[in-house]
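Student: From first to last, the protein sequence lines stand for chains A and R. Be aware that the first sequence starts at 0, since it is given in numbering that gives the first Met the number 0, and climbs by one per residue. Be aware that the second sequence starts at 0, since it is given in numbering that gives the first Met the number 0, and climbs by one per residue.
Only true hints are included.
Which residues of chain R face chain A? A few of them, derived with a C-beta cut under 8 angstroms, are:
hint	residue
1	M24
2	L48
3	L102
4	H110
5	G111
6	T114
7	G117
Hints in this document: simulated from the structure, not taken from any laboratory. Glycine residues also receive a C-beta, built at the ideal position from the N, C-alpha and C atoms.
The lines below spell out each chain.
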Amino acid sequence: MKLEELAGKCGEWLRGSGPESDIVISSRIRLARNLAEFPFVRRASHEERTQIAKSTRAKIETIQEWTNIQVLELERLDEVDRQFLVERQLMSREMADGEGDRSVVIDLDERFSVMINEEDHLRIQVMCSGLDLTTAWQRIDELDNQLERKLTYAFHDTFGYLTACPTNVGTGLRVSVMLHLPALVITREIEKVFRSLQKINVAVRGLYGEGSQFMGDFYQISNQITLGRTEAELVNTVQEVVPRIIEYERRARDFLVNESEQDLHDDVSRAYGILCTAKKISSEETLHYLSKVRMGVNLGLIRSIEIATINKLFVHTQPAHLQKLRGQHLSVADRNIERASYLQSHLVPKNGSNN
Amino acid sequence: MKCQHCEKPATFHITELTEPSGPIMVHLCEEHARVYLSQETVDSPTNALAGMLAKQLKLEQTAEQLAKLDKKTCPVCGITFAEFRQSGRLGCGYDYVCFQSDLEPLLLNIHGSKTHKGKRPTRRTGAPDRQHELIQLRREMQEAIAKEQYEKAGELRDKIQKFERGDGPNE
Numbered sequence: 000m001k002l003e004e005l006a007g008k009c010g011e012w013l014r015g016s017g018p019e020s021d022i023v024i025s026s027r028i029r030l031a032r033n034l035a036e037f038p039f040v041r042r043a044s045h046e047e048r049t050q051i052a053k054s055t056r057a058k059i060e061t062i063q064e065w066t067n068i069q070v071l072e073l074e075r076l077d078e079v080d081r082q083f084l085v086e087r088q089l090m091s092r093e094m095a096d097g098e099g100d101r102s103v104v105i106d107l108d109e110r111f112s113v114m115i116n117e118e119d120h121l122r123i124q125v126m127c128s129g130l131d132l133t134t135a136w137q138r139i140d141e142l143d144n145q146l147e148r149k150l151t152y153a154f155h156d157t158f159g160y161l162t163a164c165p166t167n168v169g170t171g172l173r174v175s176v177m178l179h180l181p182a183l184v185i186t187r188e189i190e191k192v193f194r195s196l197q198k199i200n201v202a203v204r205g206l207y208g209e210g211s212q213f214m215g216d217f218y219q220i221s222n223q224i225t226l227g228r229t230e231a232e233l234v235n236t237v238q239e240v241v242p243r244i245i246e247y248e249r250r251a252r253d254f255l256v257n258e259s260e261q262d263l264h265d266d267v268s269r270a271y272g273i274l275c276t277a278k279k280i281s282s283e284e285t286l287h288y289l290s291k292v293r294m295g296v297n298l299g300l301i302r303s304i305e306i307a308t309i310n311k312l313f314v315h316t317q318p319a320h321l322q323k324l325r326g327q328h329l330s331v332a333d334r335n336i337e338r339a340s341y342l343q344s345h346l347v348p349k350n351g352s353n354n
Numbered sequence: 000m001k002c003q004h005c006e007k008p009a010t011f012h013i014t015e016l017t018e019p020s021g022p023i024m025v026h027l028c029e030e031h032a033r034v035y036l037s038q039e040t041v042d043s044p045t046n047a048l049a050g051m052l053a054k055q056l057k058l059e060q061t062a063e064q065l066a067k068l069d070k071k072t073c074p075v076c077g078i079t080f081a082e083f084r085q086s087g088r089l090g091c092g093y094d095y096v097c098f099q100s101d102l103e104p105l106l107l108n109i110h111g112s113k114t115h116k117g118k119r120p121t122r123r124t125g126a127p128d129r130q131h132e133l134i135q136l137r138r139e140m141q142e143a144i145a146k147e148q149y150e151k152a153g154e155l156r157d158k159i160q161k162f163e164r165g166d167g168p169n170e
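The following block holds chain A by itself, in its conformation from the complex (with noise of 0.2 angstroms):
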């Protein structure tokens, strides 16, 4: 399958189903492996890096399991596409802008994917819409067996999996969940929130769009250590805190509805207006509006429009993706205008049709 291909389709993370899928956009988890034959990334010389690559390619494509895979060669994709793989959460940024032989491998279902020679010779990661750490779990543990069955990991009997950064040791785990917290952002109650979390340990995120644009209202939450715990257990840590968090956010839309409504409709429809009205705009810019729209749907202000398709114009609206859906490079102010009309063609009622 081509990258063109995978960007017109929507992947698991996006069907914005799942578990408290209003709040709660996707579940991640990633294991950091290393092989016990070869010094970390950081340390290998570029042959040592391209017989870590060519080994590992060659061995996952013999897993029978892993039917549905695409392994792709990060030196032979160009600028697009790297970017497109980094927007789409396939792969790591520093993946993208990383040097050597390096590989990723996509499910092409997008539940799964695996860099080779980030910062560890292994990421693994599962991914799951809505809020699923437990299947999230299930699935990278079978995935990571599969993979033991043909590689010989670095592991150390007191210390577990070993990595190249000492923070990521032991269990090599680590949860993320991403959650949409419009209402609490309005309400400035965020910092509150997170405050309470301190005492546990899980850290707490904010999530960045293209370069170093803030993606407002989305946070992450993760584990904090990997060390000293069971999987289940820090799996548990994280699985117990987000509900309180969804918790905090719907009182806060509650709290928003009934002492402002005019006032978050009036917001949220000027948002919705200027997505499709807009002739040229910014993909910060529609990050903003998107986000409002979003907490519009779920409240029931807005109903014209399905959740997962305003977490697809979320993904699709990037800059990579709108180049591949178009299918040529564009510069930054053919994008603008390339993605007001994409935004269009997905928001403005089209006549005669009852959505």
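Position chain R relative to chain A; hints supplied.
Tutor: Leaving out everything else, chain R in the frame of chain A:
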């Protein structure tokens, strides 16, 4: 509330949970928040780690001991403790063995534990000594090539190939 860097209202309230000194609140306007957050993505985990390490080492060691520790070198991958301290990244799995006593306080600091409790590989992970030797031989070969000691490099290559072909850790 005003932004900490200008007169605009602070609309971003960021809580840093990874600072070694404890949680820090930052209040910024949109513009400064963007600058702040973009810096953070570039090198924050490493910085936090380096800060943690520096603080902890200062507490427990004299300058003399520190200088000595910095020179400590992994025989397998050749990384020095100073290089690890600067980059926040280890060079190979054996570092966890040769720097064990120096890493343990750091691990305790980060994770509140130094013992793995999670899953383990289901099959034998091979012989660690052989794996480490293989890493070391490859490095020595690279060094020999760099120094144009081709005869030595050739011998090392033969040794490596024997290792890789033998009942090595590869399948």
